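Chains as they are written, first to last, in my numbering: chain C, 1 to 65; chain X, 1001 to 1460; chain P, 2001 to 2181.
Quick caveat, the hints were computed from the structure, so don't treat them as lab data. Computed from a predicted structure; not experimentally measured. Even for Gly, the Cβ is constructed at its ideal location relative to N, Cα and C. Treat each hint with caution, since some may be false.
[Said to hold, decoys possible] A few chain X residues facing chain P, derived, Cβ under 7 Å:
| # | residue |
| --- | --- |
| 1 | Ala1041 |
| 2 | Asp1077 |
| 3 | Ala1144 |
| 4 | Asn1148 |
| 5 | Leu1192 |
| 6 | Val1200 |
| 7 | Tyr1216 |
| 8 | Arg1359 |
| 9 | Pro1363 |
| 10 | Asp1370 |
[Claimed, not checked] Ranges of calculated distance between the beta carbons of each label pair, as one might list FRET restraints:
| # | chain 1 | residue 1 | chain 2 | residue 2 | range |
| --- | --- | --- | --- | --- | --- |
| 11 | P | Glu2060 | X | Pro1056 | 15 to 25 Å |
| 12 | P | Gln2121 | X | Pro1056 | 13 to 23 Å |
| 13 | X | Asp1444 | P | Val2171 | 32 to 42 Å |
| 14 | X | Pro1056 | P | Arg2098 | 47 to 57 Å |
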Amino acid sequence: MSAINVRELTPGTSIVLADGAEAEIVTNPGDGMWLFARYLSSPRDPTLVGQEEMIFAPDVVALRR
Amino acid sequence: MAMNDKRGYRSGLVDLRAGEVSREIFVNEHIYAEEQERIFARAWLHVGHESQIPRPGDYFVSSMGEESVILCRDRTDKIHVFLNSCRHRGMKVCRYDQGSTPVFTCPYHGWSYGTDGRLVGVPYFREAYHSRLDKEKWGLVEVAQMHNYKGSIWATWDAAAPGFTEYLGDFTRYLDLQLDGWDGREGQAEVLGGIQKWLVPCNWKFPAENFSGDTYHNISHRSVDLAGIGPSGAGRRDMGERDVSRKLHVCIPDRGHQTIHYVLPAGQLPPPAYQNAPIVAEYFRHCEEEKRRRRGEEARLVGAPGEIFPNTALLSRQPRTMAVWHPRSAHQTECWRWFFVDREAPTEVKHFLRDYYIRYSGPAGMTEQDDMENWNYAHAASRGTIARRYPYNYDQGSGTAVTDYEYQGLRVPGEVIDLTETQSSEQPMRNFYRRWAEFMEADDWSRLATWRGSERKAAE
Amino acid sequence: MAEREARIDRLLLSQEIADFLYREAELLDERRYREWLDLLADDVRYWMPIRRNVKLGDDEGEFTRAQSDINWFDEGKDTLSRRVKQIETGIHWAEEPRSRLSHLVTNVQVQGAEPSFAAPQEVSVTSRFLIYRNRVETETDILVGRREDQLRRNGAGWLLARRKIILDQNVLLSKNLTFFI
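Chain C with its partners taken away, still in its complex shape (with noise of 0.2 Å):
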């Protein structure tokens, strides 16, 4: 369990998820359980690269700096 807040990131920020991925927040809607994520890799599947989704929030990890 991570004990991230997602509802103070800010877009821009890069987001570890626990499958390894890792993704840029282009949105955050502030409900503190979703953000608007790309893709900016994915061991599980390549063809997310790019590709923008709603993360929820226990899949993030950790922050990239």
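Mind docking chains X and P on chain C? Use the hints.
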């Protein structure tokens, strides 16, 4: 002596031939439950005004009957009205009063909806639902019909209901007085920030019938007339036109809408008002002239309290407000009041009117306070077993309305009683309750849209 | 020594201001409205915003704005005087029979004094209120919230120059606001 009937609605509770309405329709909880289905799930209801949601993503949480709804503008600028309840387990997806957002996310399990109502976020969609949930099917519940009438937003849950302007019928011009500019330009109204919301312990039909045009209750406002809160410091309104106009009750039969109304003599502008505030007086003088120029004879129409069936009140003159009487139980109503000014009016005019509106209307309004006292204790004193045996009297002026009213070349459609002659009538309440009974009895819109066929004439 | 005197000035002023607020509340509860009006500056502003439910961070959106939005109250002495006059007619049915009221004023804190605590001419003070209103037979309202007052020196006493009333409600749970807060 009739026994109180513990069941719900039945024919005869509204007896217009006798000019009587049973107290049961106000205090009976079975009838209240039936009203939610037969009236509030079928009629057109007022939701808000587009000036409350100017930009994409803006929303305002409103109410339709007992239901919480979201009025919002999606990313493509389209306006929607949604039921404020998650499709998964029903939690409210928005508990803020207003704001701006890209999505409405349910705090319970995290289902998330776009401002177009589509389900866009489902936690563990791939893992738990195996990507098989049909998101298209599980979007927010949207009203069956929505209509933007000159900026005011109306909606109904009934796909079979006639369109909004057909629902209004000949009442359109009275809503126009509310929403058009004082100078006669279309749709110039804007809503001031701050919607007053408050609870009154009475059935919703007490305020609805009061705003239908209860001129008889003027006497209950003596105290505010004596205290003098009018724009020029006396009485409760500046309405010199009252002294020169014909004062009418205008009822639109078959629709259930009705209003008080003034008609100025041909060629006459309203007498000067707001004389203590020169800028305001000048603004209205200018607007009246412009309106006469733009609208011609129609500019002789001057608005007053009215009611669009079932629960929206108009007051297009002073103070310029709209109210909705939300049913909360048989015995409780939540009142919401919107306040209007001309969008392009000078700031000083807006301030002047706003000050007046606040001291007149709402729970701190020195006029409306006395109304609510009457509704409160009329309701309370009608709940008893004995009290319920005795109907209210609505016989004032029965059978005296005319349908061909004309004053100095201006024809006024509808059933009209000239109050300049009679002082008062209860034609508007009879019109309201006649329509109410039709809604309670008719099973579908083919029987409610009586103006389309001859059903009503045959029934009489 | 000077520091001790400054603290005494502050203490004396706090007590004096609290006494003013308690006396004011007493006048309202004893229905001595004319005497209460005498405690108001001629240019008094009496403001009670409507409170909205807004997202964390939207502090501005929580309150309707004075002299620009619709509020519960937003008025000066003229309108306040007319409210008193209306009650005095004896036919203002929302206050006839009259309410039984108790204003409990607490958490009184003097926030500032100009030009000084030693010789104050203008004082800002915050407090909390609990108003119990009972009417007719069983009609009961409880209103709780905060007041932010600006007081102005008037000879030996004080005048209320500005009052902001922050009620802890969204939908007003009372059918009317026929009383002063």
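### Message
Hint Leu1192/X vs chain P: min CB-CB distance below 7 Å?
### Response
Leu1192/X check passes; min Cβ-Cβ to chain P is 5 Å, inside 7 Å.
### Task
Identify whether the interface hint at Asn1148/X stands, where standing means a beta carbon of chain P within less than 7 Å of its own.
violated, 23 Å
### Query
Can we keep the Pro1363/X interface hint, with Cβ of chain P closer than 7 Å?
holds, 5 Å
### Task
Using the beta carbons of Glu2060/P and Pro1056/X, state whether their distance is inside 15 to 25 Å or not.
Between Glu2060/P and Pro1056/X, where Cβ atoms are some 21 Å apart, the hint holds.
### Query
Hint check: is the beta carbon of Ala1041/X less than 7 Å from a beta carbon of chain P?
Interface hint status for Ala1041/X: violated (23 Å vs cutoff 7 Å).
#### Entry: Arg1359/X as chain P interface residue, shortest Cβ-Cβ below 7 Å
Holds. Min distance 5 Å.
### Message
Given a hint of 32 to 42 Å, does the C-beta separation of Asp1444/X and Val2171/P actually sit inside it?
### Response
holds, 35 Å
### Query
Holds or violated: is there a CB of chain P closer than 7 Å to the CB of Asp1370/X?
Because about 5 Å separates Asp1370/X from the closest Cβ in chain P, which is inside the 7 Å limit, the hint holds.
### Query
Regarding Gln2121/P and Pro1056/X, is the given constraint of 13 to 23 Å on their beta-carbon distance met?
violated, 51 Å
### Message
Using the nearest Cβ pair, does Tyr1216/X come within less than 7 Å of chain P?
### Response
Since the shortest Cβ distance to chain P is 15 Å, the answer is violated.
### Message
Less than 7 Å between beta-carbons is the criterion; does Asp1077/X satisfy it with respect to chain P?
### Response
violated, 22 Å
### Query
Taking 47 to 57 Å as the hint, is the beta-carbon distance of Pro1056/X and Arg2098/P inside that range?
This hint holds: roughly 51 Å between Cβ atoms.
Hint compliance for this structure: hints 1, 2, 3, 4, 7, 12 are not met, and every other hint is.
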